[in-house]
Amino acid sequence: MIEKRRVFNAGATLIVALGIGHFAQQGDARVKPVDSGGTAQLISSAKDVSQDRSIASAIIPALPTDIGVPILVSSTHTEFSTRVAALDQYTDTSVQSDVQTPPPFVLACDISMTSTPATGAMIDLDLLAPCHRNTVVSIHHAGLEFSGITNESGKYQALIPAMEKNASVTVEFGNGQSATTETVVPALDGYARAALLWSGNSDLHIHALEFGADYGETGHVWFEEPRSPEFGLSANGGFLTRLGEANDLNAKFVEVYSFPADRAIRSGAVRIIVEAGVTAGACGKDITGRIIEVDAGGLTSKTGLVLAMPDCDAIGGYLVLKNLLQDLRIARN
Amino acid sequence: MFLIRAALGFVLIQAFLALPLMAQDVTLTSRDGSVEISGALVGYDGEFYRVDTVYGTLTVDGSGVLCAGPGCPDLASYVAKIRFSGASSIGATLMPVLISSFARQQNYQIKRIVTDDRHFTFTLNDAGNDRKVAEFIFQVSNSDEGFADLFAEEADIALSVREVTQEEISRGQEAGLGNLGALNQARVIALDALVPIVSDQNPVRAISPSDLFRAYSGEVGNWQELGGVDAPIELHLNAANSGLAKVFMAHMGNASSVLNQSVNRHSFALDLVDKVAGDPFALGIAALSDTGNARRLTLSGKCGFQSVAESESLRTEDYPLTVPLLLYLPARRLPTIAREFLRFLGSSTAQSAVRKAGFVDQSLFEIPLSRQGDRFANAIISAGAEVSLKELQRMVSALDGARRLSLSFRFENGSSDLDAQSRSNIVLIARALESGEFDESEILFVGFSDGEGQASSNTRLSGKRAASVKAAVLREATTVDPSRVTLKVEAFGEAMPMACDDTIWGRQVNRRVEVWVR
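Protein chains in written order, with our numbering: chain H, 15 to 347; chain W, 336 to 853.
It is possible that some hints are incorrect.
Covered stretches of chain W, as calculated for chain H (at least 3 residues, CB under 8 Å) [to be verified]: (1) 424-433; (2) 438-451; (3) 773-779.
Because the hints were derived from the structure by calculation, they are not lab data.
Heads up, the beta-carbon is just placed ideally off N, CA and C, and yes, glycines get one too.
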């Protein structure tokens, strides 16, 4: 029943929205959360609607005020959705409502996405895609690529290491739809980053051995001892980020090691080692992926990667690659 | 499983050999039909065929002939394959950075196919149409293996941290590779150096080369004798077939024949560095490009000279244990993309990639006179009976207003032959002259010598060496306009020593031709 109504609502929305599009075009071509002209008018009327349905608006994330402008792209009705991006936060109101008076600015399927800079030169990505609940999405940023799954309300959240200062993040939904958001991460200056990407659920890990640390010692940073981005602030060492979920064979994963190179309080070397477990699923096969390195000066290099895994008689062993990712040479400042 | 596969492969190869060699045969016919060559196809580089014929191996321009026979390559899908083999510091550390920089500049997409740390291949695809244009295939081991693979036609380019030996030059000639000792078959692509390293917890900060050699020969066995704590010295060195270990042994001279038996050998340079960094009583020899978390020791001398390995002292070769990183090429034509890559290695983009990878590049710069304080002080201290005040004044006024160039010329031990880095410097300075970089200036080739023998004959000798370097540069700089630049020779013999004369390497550092620009 609800589903049916949604369909109906979505159709109605489209018609109304086309009207809005036309209207907005006469005012300001680009609609932003806070804008002038015809757009401002639209926002204020939308607010009235939401105030009437406080229960609904309470569960919806607040629109960021100053950073992370959401930009919406959808292959089906791009122009329209871009224009009404500002209204995303009022998305689901109609579903909660008994009132059938026309819910003029209700956009049930629109995708809202924001990105804001976070501690450790990270990007805080927030996605709400109400029509993509429990869905595998693919997240892209400056060559990084990984899979995520939205929750039952279509929400997905991730902390992504920025690989570019002017950081753009795109989420693809698998049906041809995608959304892009942009933010600026000034803190990236001075961070050295080494990223490993791969597809398939392989047993791949980056191990960073900081300043002569051995495996298992303090200073051995990896998946099981990742530290947090806050650690980067202390300038004592780096931290590891692993992203990617979903269990299907095409799922994509990322590990990124980050080190605040220009604020290091000691000099020396960080050895970066890649280990690939020879599992029953991976032995004798190729693992495909990519490596990306960003140095403290902001120079990036990207290289496609194929790991030719050892034969299956080596199951249980590890392919240890010490030369795949460059060691970091740290000079104390 | 592996054994079964290997055995199967063996059978297949045998079956293949049993077939007549017809499989590789080609017949090349000129487009007008007047000339025909038949034989086994040895190689095709996208432009030229190499065919083994009854007349020997012939190289034929592909644009002028039609190919027939089972050995003919598929011209449309030709992918250049360039095989590199040799030293791990070059293959595993420097080359990946250079290839990535080359790909960025030439707009290629690169992919790295990894079997393990010693075997990997870079594929280069045209970024426009995604067509694969080249494979750069790496086999990383040591300099010895690089030359061996070159001789066996299993490599197209050898990577070496040491110069080719006389024996290797003659083996190369036998293998039809040309003269590997010739200037055009060797390229210096970056500079590195040998540095003594210790743990961060070791109080010793400097070591004289003679003490270093005495430690490795076993004459000195306790840190106390080197100003450290009372503890035995734990010695570490790369494996005997490593190029760096060989260079070190060559510097040790006679002492190497009695190399301490208790030296810990490492087949991975990285393991050596990590081991030394973690042991307060360890002493190791590492490459400047990767000293990891170990501490580098300054080279000191009994006569007060100190030498620190750094970018400037490597370029000027004033640091005695400088190691040029070399590519050795066969005399045959390499595919176009290989030649483009080699040309790229001389570019300023490549030089900055070299620095990024932790090595020292060869770009030229001028060192101002104000930086010569230490060296002039040395000259004054060493002056006396043999070098007069008048001679020092002559030197200072001759160099007045000039700047030293960041390269010099040094000679093989006990000979008047230039070493590899200096031979490469001839080309560097010749190209700079040709490009007009020194137009309207005066270039001084300034000869110096060690202090062995009579000062006056040393001055004469150093002048001869400076004149021969100048002549070599002029021979190489064929297109330079002689009216635009003045080349002069000066000689001051033993007037400005840079190291003690008590070791071979010390004398080698002192015997030099510097280049000054005014």
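Going down the list of hints, with the structure as the test:
For the segment 424-433 of chain W, the stated coverage by chain H holds: 4 residues have a C-beta nearer than 8 Å to a C-beta of that chain, and at least 3 were required. With 9 residues carrying a beta carbon less than 8 Å from a beta carbon of chain H, the segment 438-451 of chain W meets the three-residue requirement, and the given coverage holds. Check result for the segment 773-779 of chain W against chain H: violated, 0 residues qualifying (beta carbon to beta carbon below 8 Å, three or more required).
Checked against the numbered hints given earlier, the structure breaks only hint 3 and satisfies all the rest.
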